[in-house]
Amino acid sequence: MSVTWTDSVNEIAGTKIHLSRAGSGPAVLVLHHDIGTPDRLPFYDALAEKFDVLVPHHPGWGKSERPQWLRSTRDIASMSAWLLNDLGLRDVSLVGLGFGGWIAAEMASQAPDTYRRLVLVGAMGIKPPEGDIADQAIVSYIDYPQAGFHDLAAFAKVYGDISIDQLEQWDICREMSFRTAWKPYMYSQTLPHLVGGIRAPALVIWGDDDRIVPISAGHAYTKALRNATMTTIANCGHFAEMEKPDEVAKLVTSFLASN
Amino acid sequence: MHMMYFTEQPMAAYDAKAGLDFGATALTFSNSHYDSNEGSRLYNEFLEDYLLAEEYGADGIMLNEHHNAPFCMQAKTNIFAAILAAVTKRVKIVILGNPLPLCDNPIRMAEELAMIDMISKGRLVPGFVRGGGQEQLASGVNPAFNRERFIEAHDLIQKIWSEPGPFRWEGTHYQHRVVNPWALPMQKPYPRVWVPGVLSKETIIWTAQQRYPYIALNTSIEHTKEIWKQYSDSAAECGYTAGPENFGYLIRVHVQDTEEKALQNARQFMWMQGEFTGLAHPVWANPSGYFSPSGRRNFVQFATGRAKNPRGNPTFEEQIASTMIIAGTPKQVIEKLKYVVENTRPGIMGIWANDGTISKEDRQNCIKLLCGEVMPAVKEFGAGLGLKDPWEANAPVHLRYSTDLKPTQKAAAE
Chain X
1 MSVTWTDSVN EIAGTKIHLS RAGSGPAVLV LHHDIGTPDR LPFYDALAEK
51 FDVLVPHHPG WGKSERPQWL RSTRDIASMS AWLLNDLGLR DVSLVGLGFG
101 GWIAAEMASQ APDTYRRLVL VGAMGIKPPE GDIADQAIVS YIDYPQAGFH
151 DLAAFAKVYG DISIDQLEQW DICREMSFRT AWKPYMYSQT LPHLVGGIRA
201 PALVIWGDDD RIVPISAGHA YTKALRNATM TTIANCGHFA EMEKPDEVAK
251 LVTSFLASN
Chain Z
260 MHMMYFTEQP MAAYDAKAGL DFGATALTFS NSHYDSNEGS RLYNEFLEDY
310 LLAEEYGADG IMLNEHHNAP FCMQAKTNIF AAILAAVTKR VKIVILGNPL
360 PLCDNPIRMA EELAMIDMIS KGRLVPGFVR GGGQEQLASG VNPAFNRERF
410 IEAHDLIQKI WSEPGPFRWE GTHYQHRVVN PWALPMQKPY PRVWVPGVLS
460 KETIIWTAQQ RYPYIALNTS IEHTKEIWKQ YSDSAAECGY TAGPENFGYL
510 IRVHVQDTEE KALQNARQFM WMQGEFTGLA HPVWANPSGY FSPSGRRNFV
560 QFATGRAKNP RGNPTFEEQI ASTMIIAGTP KQVIEKLKYV VENTRPGIMG
610 IWANDGTISK EDRQNCIKLL CGEVMPAVKE FGAGLGLKDP WEANAPVHLR
660 YSTDLKPTQK AAAE
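First to last, the protein sequences are chains X and Z.
Note that my numbering numbers the first sequence so that position 41 is 41, with each residue one more than the last.
Note that my numbering numbers the second sequence so that position 293 is 552, with each residue one more than the last.
One chain only, chain Z, in its complex shape:
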């Protein structure tokens, strides 16, 4: 089992009241509230935290990026990945992920990732995402072509990493005269790609068709099982059997020496008004054309205040009760995580441990307990359940490298 440390890198050092008064901070809350001195301090503290996570035993550091909002300070995930490539020694650098549709030049993306992989001596996991709706608006990228751009950028990067250049690319969204970057990943055939997600059925199916692991981002246990079923069904159609090495799960967990202190800090998971990516107008989170047409009718009602948020608005207490958030002493947290692991059976686990305004001392104590005590116990438990990560399972990097494909029903019929 692969266990990673994650934080959104919250930029919580601003006037919280101003944010609450403004309301939806996830796109248009003015950056006049941004304090670069505090930003500098926080970036450097987060870097210290990552080094501590490696020192205390985490298998990986999970990174991401967002734009125009206080909930995440990483505007370019490859920058932190590059820093970690140089300053860490052992951990996997897991980017979940680079929002491919935001990228106007996938060749440059392939180059940056190849550089990071080489500098880290082959420790990069370059995950890809579609990017949330706000990211498209913040970056001026057409949400109606988000999925087309995601798939085409992926296909171009994959070709760069698996076929010799130079070649020409004349696609729908990308056209390049000479594709021949002089920087290629160290890991062969190419670095393992993971895809995180929350909702979209189309993404789950696409990910299964690539045989890339799908990382469910703090979905409920019930919903997570539905995702696995969708993935497994698609995998079977492709001729392979999905296992724990295909599944990852991100969960919010905060650990302290006392339950009281852990619960107090864990309330910071609610600092963005209870929303993972900050409170946003629904049409920012799901601009027209970004989401599946099958959800249109329900969505327009939610967006105009005629229906409740399909994700619900569970309180902190409800999220603690349903294990969407886990907080406590190492012993308490291990027991709850065993329950989650037993019920979701992931080979990859991300622990989102610190959010909002938690003091540096508490953050680092959490990391020490989490990586030093909780992760080893959960990994041991996972091993007992046979939960292997992609390296332990020696899983193929992509479907095309599979050696175990069964004839599919469709192929048999032909």
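Only chain X is shown next, with the shape it has when bound in the complex:
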């Protein structure tokens, strides 16, 4: 079944935010990784078969404008919530991918009773009790995304021959990651104390070979959330929705569809 995507530009906090949207049904906001996102992904298409899927580019990433004042993931969380309100959407589910998982957790902890369901996939945002979140600052533009795949063939399937445009985009994404999450790197010291307020049921998904965010962070999220279950995906890295789109889509769809 083919999915038709519509792109729009939405002015949020004085900033032009790019949004791709497809499908119908309950609304699902997908928050992308620190390395940005390809415009279309099989995972997004799969979700759009059942849901009204919204994939914005974070402010400063991809096709969204950079607010020079932006300094934290909390800022991105507030702007994402503002976007949903401007679109008149209520009872939205959040699907946060990696860095986007941190944003989703911020959104939900700021408005504990607002979101329907929460999915965190390899989420950043809290300090892993064991191990550290991999530092992209000291590795090459290609090495970092590759480290997020268990199987390099899966990386090649998504990115193909890496274009100069893609390299430039990764540099811009990296700069935005520094502008919002430099220190402490990719986590909040207060978030683990706040996610316990979230009322939405949560699903925590982790690749069993996530070399970007140690799986101990997944266990910590699951423990800190009041109503969370955790699932791991075999032979899968950090960019799980790109490496194992069918499996992740199945898990997410089934979780979001249940009452």
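Simulated from the structure, these hints should not be mistaken for lab results.
Glycine included, C-beta positions come from ideal geometry on N, C-alpha and C.
Don't take every hint at face value.
What the hints assert, rightly or not - Chain X residues, not near chain Z, derived (Cβ > 12 Å throughout): (1) Ser2; (2) Ala22; (3) Gln110; (4) Asp113; (5) Lys127; (6) Ala134; (7) Ala153; (8) Val158; (9) Lys183; (10) Gly197; (11) Arg211; (12) His219; (13) Ala220; (14) Arg226.
As the list claims (entries may be wrong) - Some chain Z residues close to chain X (C-beta under 10 Å, calculated; not the full set): (15) Leu396; (16) Met529; (17) His540; (18) Arg556; (19) Phe558; (20) Val559.
Position chain Z relative to chain X; hints supplied.
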């Protein structure tokens, strides 16, 4: 003309093979290779070298700092500046420079520099830099805000030095309740600030807007001329005419009694695999957000091995041929330096004379010949060309102290 002696203070007393095997030594090469006994010996020898440079006639000692790498032993340039303030008598102590973005408390920086200026009885030149990319990573400072921090820290230090305290500072990167340090520089209105650099157009423009001298760090003659043009154009927009007192040039020069020995030692300039600041992964040298967005497209290709190093990788012989490195007897070196001076016309010149592993005896012989014979001859030649340093030209310390500003085209149009 102001002529300074400079060395990176190389920590070359480690297993060179281990460094070469590791590759990029400029950030993550383990400090398990660091020998503190050798470090102690070298620090004290470098201090002796500085005293010798003063004794033999250098106008200034140029200092700098770097982190996490063998190519430079100075982790805090103000420490050596403070020592020189006490043990030297005449030379200017020229810090090129303090990496301001690394500083979380610019008030403390202003205090330290004021102390050094007073202890040295007004001989400090407190230059400022953005700091290389690796320095941001080594210090945990956000490279994406490097320029913002540089400018804000400068503005705060300048205010401390030019307006009475106490005052409050509520900036973007720095907030301070009570700014009122009880230590102020002896030189008024404040010590001359110089800014060194290599590449960044934005820094050249900013430096010209302050009317601070810009010191080009061993750039090619052609590139140096481009920097001067950029600076001069910006100066004209500010209403003044840039002259040699606004320009400095650092060059690698090694002098010995024979050309053969000079060339042999000068090869040590290549000890960090030919790179000034040690071989580094490109994303360390230019972390995202650190450099100008206009260079992004070319840089990402270089960083992923798809394009050549924009600086090139010239061999030692090529650098000798292009006068990027000069080596020889005093007579040979004077002739080559005259050529460089004639073509770059700086009022300030830094001579980076010793690097890598050069024996103490050879280092000191180089300093004696350089400061005793080469510098006087080059200064005399420079004087003939009318190349005045900022003191000789009585240049204003900052644009705001200028008395010669012409109405700019923009102002005239209004």
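Against the structure, the hints come out as follows:
At roughly 34 Å, the least C-beta separation between Ser2/X and chain Z is larger than 12 Å, which holds for a residue marked as non-interface. For Ala22/X, the non-interface assignment is confirmed: its Cβ lies about 31 Å from the closest Cβ of chain Z, beyond the 12 Å cut-off. Chain Z leaves Gln110/X outside its interface by the beta-carbon criterion, the shortest separation being 24 Å against a cut-off of 12 Å. Every CB of chain Z is more than 12 Å from the CB of Asp113/X (nearest about 35 Å), matching its label as outside the interface.
Under the 12 Å C-beta cut-off, the non-interface status given to Lys127/X relative to chain Z holds; the minimum distance is some 16 Å. Every CB of chain Z is more than 12 Å from the CB of Ala134/X (nearest about 14 Å), matching its label as outside the interface. Listed as outside the interface, Ala153/X is consistent with that label: its C-beta sits roughly 20 Å from the nearest C-beta of chain Z, beyond the 12 Å cut-off. With a cut of 12 Å on Cβ distances, Val158/X stays outside the contact zone with chain Z, its closest approach being about 17 Å.
Against the 12 Å criterion, Lys183/X falls within the reach of chain Z, whose nearest CB is about 6 Å from its own CB. Once the 12 Å rule is applied to beta carbons, Gly197/X is consistent with being away from chain Z; the minimum gap is 30 Å. Distance check for Arg211/X against chain Z: the nearest CB is about 18 Å away, which clears 12 Å, and the non-interface claim stands. With a closest Cβ-Cβ approach of about 28 Å to chain Z, His219/X is found to remain outside the 12 Å limit, as its non-interface label requires.
With a closest Cβ-Cβ approach of about 24 Å to chain Z, Ala220/X is found to remain outside the 12 Å limit, as its non-interface label requires. At roughly 34 Å from the closest C-beta of chain Z, the C-beta of Arg226/X stays outside 12 Å, upholding its exclusion from the interface. Taking 10 Å as the C-beta cut-off, the interface hint given for Leu396/Z holds, the closest approach to chain X being about 6 Å. Given the 10 Å rule on beta carbons, the hint for Met529/Z is violated: about 25 Å separates it from the nearest Cβ of chain X.
With a least beta-carbon distance of about 7 Å to chain X, the hint placing His540/Z at the interface is held under the 10 Å criterion. A hinted interface residue such as Arg556/Z counts as satisfied when its beta carbon comes closer than 10 Å to some beta carbon of chain X; here the least separation is about 6 Å, so the hint holds. Evaluation of the Phe558/Z hint against chain X yields a held restraint, the C-beta minimum of about 7 Å falling below 10 Å. Given the 10 Å rule on beta carbons, the hint for Val559/Z holds: about 4 Å separates it from the nearest Cβ of chain X.
When held up to the earlier numbered hints, the structure conflicts with 9, 16 and fits the remainder.
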